[in-house]
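The hints should help you fit chain E onto chain G, whose structure is shown.
From first to last, the protein sequence lines are chains G and E.
The opening residue of the first sequence carries number 672 in the working numbering; numbering runs sequentially from there.
The opening residue of the second sequence carries number 1277 in the working numbering; numbering runs sequentially from there.
Hints listed in this document are in silico derivations from the structure and should not be mistaken for laboratory results.
A hint or two may mislead.
[Unchecked claim] Here chain G is said to cover these stretches of chain E; the calculated rule only asks that three of the stretch's residues, wherever they fall, bring their Cβ under 8 Å from a Cβ of chain G:
no.: 1; stretch: 1375-1389
no.: 2; stretch: 1495-1507
no.: 3; stretch: 1532-1545
no.: 4; stretch: 1550-1558
C-beta atoms are modelled at their ideal positions from N, C-alpha and C, and glycine is treated no differently.
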Amino acid sequence: MRRWIPYILLVLIALPFLVMYVGFFMQAFGEGMHLGIIPEKFGFSNFRFLWQPIAWGLGKTTIWVTLLNTLIFACVSGAIVTVVCMLAGYALSRIEFKGRDFFMILQLFLHAVPGHILLIAIFFLLFYLKLLHRIPGVALARASLEIPLGVWIAKGFFDSIPWDIERSAMIDGCTRLQVWYKIFLPLVKPGIAAVFIWGFLFAWHDFIYVYTLLPGTVKLLSTLIQSLIATEVIDYGYLAALSVFYMVPPLVLFVYLQKALLKVPIFGGKGL
Amino acid sequence: MKNPNITDRKYLALSVFISPAVVLVILFYFVPVILTLLIAFTDMDRSLQWNFIGFDNFAKLFGLKGKDPFIGKIIKNTLIYIAGALPLTIGGGLLLSILSMKIDRNAGVFFRAIFFIPRAVPPVVWGFLWVWAFEGTRYGLFNAIRTALGLPVVHWFIKYPMLIVIMANGFLGISLAMLVFSSAIASIPRDLTRAAEIDGATDWQITRYVIIPMLKWPILTMTAWHLMSFVNSYVYIMLITNGGPYYATEVWSLYAYHAAFNRYRYGYGASLITVLVLVNIALLFIVLKAFGVRKMLSRGKIEV
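Okay, chain G solo, but in the shape it has when bound (with noise of 0.2 Å):
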């Protein structure tokens, strides 16, 4: 008996959530809901913003530009992400230099703080810079939220890469830069993979950045389901099956990306 009361205890705690997280699917795709989680039949009507425009405020707009705006938006700040972490990882783990262990502890710091409370400065900051209201600029601040851990990550990657390779390249007259494009991007492959992932992951979920800085206008998929949620009747399966559509394309660069680049280089050479 006693063995059970950890079991009891977790299916106690855990059933609320499970039954939010069955309901919500049930409303995705089912129709007609009775007690809110148990459908009538199933189908897809709910996916009907798929081939018929969506109507928010007194606008319209179609699921097909808002998926292209987010895709954009994530894609520009994964990417910046990703090459500003790796040139900076690849510096924190490999050359020496005075004020290395600031900048970390820096970067630890950065990252405690969540970059959002400054926003009415960020705001002012991407007018001056003729950057808000435009995608890749609003993407270049989100991105600079993830640079912190982003470089630790990054740095990691690097310092598990044995420096003999490096060291070989070197001595055959490779520049830094010439070492760190041919001889490490190659080998910190699944790092790339990491950072792009961490940084399009948290720009694809973004809500606040996009909801603050970008025009009304210009949806995302989440200001999109946001907009929808603030009005006064909701249509609850509509809304979940939108939801369900937001949450798979990064699973889908998730897949797709670990087949692509998680396999290292394997070298033959000598001492590898």
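Chain E only, in chain G's frame:
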């Protein structure tokens, strides 16, 4: 003896590698802090004119000159929110990690996955789940269940708004705390719990006197981390109740956001944020004093 030529080349390479990160960090962390500080001393509104008014915003904030009628309620809300969400996060995280580490390994992974979902789904979807679950009509999840059982509907968001936002944020915190505590429990040597078992300790005694003392550091780090996070959090509250009904869940950072972007009083919003940034810096110093952060840094293995 250092070769100056090599040193020069090293710093040239270094600047190429590190400057993008440095520029972005300065541009989007340090410049905004300074900008916030400057805007806090203006009465910036939607005309975006820089009109410096000295300490008027702060005077208003502290009730010295003109009074902000909401500030007392906002402070109270913020304190209640933190006092609710922080213990929920740490206590819930501890409970779930201890329970899920005690049972069969696969079952434990299953339960941890369930409780990690809040952090894995996008914020708007998490917000949507709570809005839907606690909807005040019979279309909401819990009211639909109540209706099925023949009970009247409850207007959850009017009756328990603060409780709902505390739970919604608390379970987000729990998902991280649970993972951290679970991996810490996994690293406790089995000998210790075995020895206690042989000595006749009960499950409760093992938990209380062996496991929890071993989790001292993870508990401290998670407490510090989530304290910072709850002091500044407003995004989920905004998505779920947007501070309502009538300021019942409006916390400090959300109030600042609303002041700036809903009422276009950027100057006043920035002064609220300035206070928040000062609180953050103070908390960081306390954390820095309490922890030896330097221990967390590993040096590069080799200098080429």
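Checked hints:
1. With a threshold of 8 Å between beta carbons, the proposed coverage of the stretch 1375-1389 of chain E by chain G holds, since 6 of its residues qualify and at least three are required.
2. With 3 residues carrying a beta carbon less than 8 Å from a beta carbon of chain G, the stretch 1495-1507 of chain E meets the three-residue requirement, and the given coverage holds.
3. Beta-carbon proximity to chain G at under 8 Å applies to 6 residues in the stretch 1532-1545 of chain E; the threshold of 3 is reached and the given coverage holds.
4. Under a criterion of three residues with beta carbons nearer than 8 Å to beta carbons of chain G, the stated coverage of the stretch 1550-1558 of chain E is upheld, 3 such residues being counted.
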